[in-house]
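Student: The chain contents come next:
Number of protein chains: 2
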Amino acid sequence: MFDNIRVVLSHTTHPGNIGAAARAMKTMGLRHLYLISPRHFPDPQATAMAAGADDILGSAVVCASIDEALQGVAFTVAMTARLRDISIQVRTPREAMPQVVQEAASHPVALLFGTEMSGLTNEEMGRAQLGVNIPANPEFSSLNIAAAVQVTAYELVVAAQSYQPQVRDIVPVPHERMEGLYAHLEKTLFEIGFFTTQNPARLMQRLRRLFARARPEEEEINILRGILTVATEYNARLKKRYSEEHPDVR
Amino acid sequence: MFDNIRVVLSHTTHPGNIGAAARAMKTMGLRHLYLISPRHFPDPQATAMAAGADDILGSAVVCASIDEALQGVAFTVAMTARLRDISIQVRTPREAMPQVVQEAASHPVALLFGTEMSGLTNEEMGRAQLGVNIPANPEFSSLNIAAAVQVTAYELVVAAQSYQPQVRDIVPVPHERMEGLYAHLEKTLFEIGFFTTQNPARLMQRLRRLFARARPEEEEINILRGILTVATEYNARLKKRYSEEHPDVR
Numbered sequence: 001m002f003d004n005i006r007v008v009l010s011h012t013t014h015p016g017n018i019g020a021a022a023r024a025m026k027t028m029g030l031r032h033l034y035l036i037s038p039r040h041f042p043d044p045q046a047t048a049m050a051a052g053a054d055d056i057l058g059s060a061v062v063c064a065s066i067d068e069a070l071q072g073v074a075f076t077v078a079m080t081a082r083l084r085d086i087s088i089q090v091r092t093p094r095e096a097m098p099q100v101v102q103e104a105a106s107h108p109v110a111l112l113f114g115t116e117m118s119g120l121t122n123e124e125m126g127r128a129q130l131g132v133n134i135p136a137n138p139e140f141s142s143l144n145i146a147a148a149v150q151v152t153a154y155e156l157v158v159a160a161q162s163y164q165p166q167v168r169d170i171v172p173v174p175h176e177r178m179e180g181l182y183a184h185l186e187k188t189l190f191e192i193g194f195f196t197t198q199n200p201a202r203l204m205q206r207l208r209r210l211f212a213r214a215r216p217e218e219e220e221i222n223i224l225r226g227i228l229t230v231a232t233e234y235n236a237r238l239k240k241r242y243s244e245e246h247p248d249v250r
Numbered sequence: 251m252f253d254n255i256r257v258v259l260s261h262t263t264h265p266g267n268i269g270a271a272a273r274a275m276k277t278m279g280l281r282h283l284y285l286i287s288p289r290h291f292p293d294p295q296a297t298a299m300a301a302g303a304d305d306i307l308g309s310a311v312v313c314a315s316i317d318e319a320l321q322g323v324a325f326t327v328a329m330t331a332r333l334r335d336i337s338i339q340v341r342t343p344r345e346a347m348p349q350v351v352q353e354a355a356s357h358p359v360a361l362l363f364g365t366e367m368s369g370l371t372n373e374e375m376g377r378a379q380l381g382v383n384i385p386a387n388p389e390f391s392s393l394n395i396a397a398a399v400q401v402t403a404y405e406l407v408v409a410a411q412s413y414q415p416q417v418r419d420i421v422p423v424p425h426e427r428m429e430g431l432y433a434h435l436e437k438t439l440f441e442i443g444f445f446t447t448q449n450p451a452r453l454m455q456r457l458r459r460l461f462a463r464a465r466p467e468e469e470e471i472n473i474l475r476g477i478l479t480v481a482t483e484y485n486a487r488l489k490k491r492y493s494e495e496h497p498d499v500r
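Quick note, the sequences are listed as chains A and B, same order.
The letter at position 122 of the first sequence is residue 122 when you use our numbering, and the numbering goes up by one with no holes.
The letter at position 233 of the second sequence is residue 483 when you use our numbering, and the numbering goes up by one with no holes.
Bound conformation, chain A alone (with noise of 0.2 Å):
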């Protein structure tokens, strides 16, 4: 099942960081790693604190965007130093992996870690469906990346020595089609003048913590853009009718 499950960095600035992550994902059994625009990689900073886990820089896959390296990708979880986030629910990693064991037994599963300064950018975390939080020393809770790698990776093992299959009552979709659903929906309430009122981001970033949390499924997504289709064509027939009886009105 660990095949299943990718480690995702976002924008890391030092190679060093890359190695290590490779070497701690190597550590417990992790093969998939892939690179949001690092710095700099391939680099033989990053080969050499690999140690050995360089198959696993080797086979690393350098993405230009967060999508691309989520597409496939039915669950996401997000490394995130909050407790508390507006657009996902944060957890333990000790409550999360779990969960992640239980995706990955189905379908690909992303664990996503932002960058060494400032973590993931809003618009990342609100690509996952849960946020995980390492417990850390409130003073001082800046965990290196590969530091925060092998600790999830770690509960990852321990969590999948202890799992038990489940049957799955629904099957989620892939990222891509998530995104769909949440482009379709922005672009719709674009065009029913419902932002004239709202902060679109803040308001989509709530949109995807729900979405996030119903995980829907393929019919349930065909549903929903559906609706959002009929809302925008009856739209344009009122628009259409408006200018009609108005035609003075522009």
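The hints are simulated quantities; they were obtained by calculation from the structure and are not laboratory data.
Just to be clear, a hint being listed does not mean it is correct.
To be verified - Restraint-style ranges between C-beta atoms, simulated for each label pair:
1. Gln99(A) x Gln416(B): 30 to 40 Å
2. Phe190(A) x Thr342(B): 45 to 55 Å
3. Pro200(A) x Gln411(B): 34 to 44 Å
4. Gln164(A) x Thr479(B): 51 to 61 Å
5. Gln166(A) x Ile477(B): 51 to 61 Å
6. Gln339(B) x His40(A): 17 to 27 Å
7. Arg334(B) x Met1(A): 57 to 67 Å
8. Leu210(A) x Ser356(B): 33 to 43 Å
Given the structure is predicted, the values throughout are model-derived calculations rather than measurements.
For glycine and all other residues, C-beta sits at the position ideal for the given N, C-alpha and C.
Fit chain B to the given chain A structure using the hints.
Tutor: Just chain B, lined up with the frame of chain A:
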């Protein structure tokens, strides 16, 4: 209670690992670092990798021997890459850290980490009451030292969160009292001729394992050492009488 916990790194080769370990400690609220004969310390690489945890490096205690580093410690946990060990019981971090928290509530505790290449020696392992093995990929189990410190300290934090004070039924003695017992025991076994039929090193390892499980109290140490003293005296009397009766035998 974390104030009673010291991290002891033995013969660390790379100063960067010392710094990274200090950072890992600080993220989890651990402060006391002991270094047994580090190859390079202090060192700019250690400071660079500490990334803000240089206060821990600044107050680190450099020791010439393990016994110096364990002075005053009543419970020592040794990290090991082995799942079984002749000299001590081995547990996972999850199993062991609740006990560490429990012990640290009343007396000094040490977490002992070996060198990058070869871990802890048998002699060092024999100083511990418990071994801890981090579950890892059997084909690539070499966690970086700082990564091992991070996982262990993380488990400590999680264990501390669900800590319930218990009434202790025994008060274990500090490290140096245990070493005093072992030295006395070994000397006595030599004197009474026990080692003519036994491998001393291996036997002492087994005895250490036994007493590590027993966790003797002060009074019990006194009784044991009293027995040893009497045994030696008795043996000396036997020898004396034997040589009187058999002046021809040397």
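Student: State for each hint whether it applies.
Tutor: Now for the hints, and whether the structure bears them out:
no. : hint                              : result
1   : Gln99(A) x Gln416(B): 30 to 40 Å  : holds, 32 Å
2   : Phe190(A) x Thr342(B): 45 to 55 Å : holds, 53 Å
3   : Pro200(A) x Gln411(B): 34 to 44 Å : holds, 39 Å
4   : Gln164(A) x Thr479(B): 51 to 61 Å : holds, 57 Å
5   : Gln166(A) x Ile477(B): 51 to 61 Å : holds, 58 Å
6   : Gln339(B) x His40(A): 17 to 27 Å  : violated, 45 Å
7   : Arg334(B) x Met1(A): 57 to 67 Å   : violated, 27 Å
8   : Leu210(A) x Ser356(B): 33 to 43 Å : violated, 49 Å
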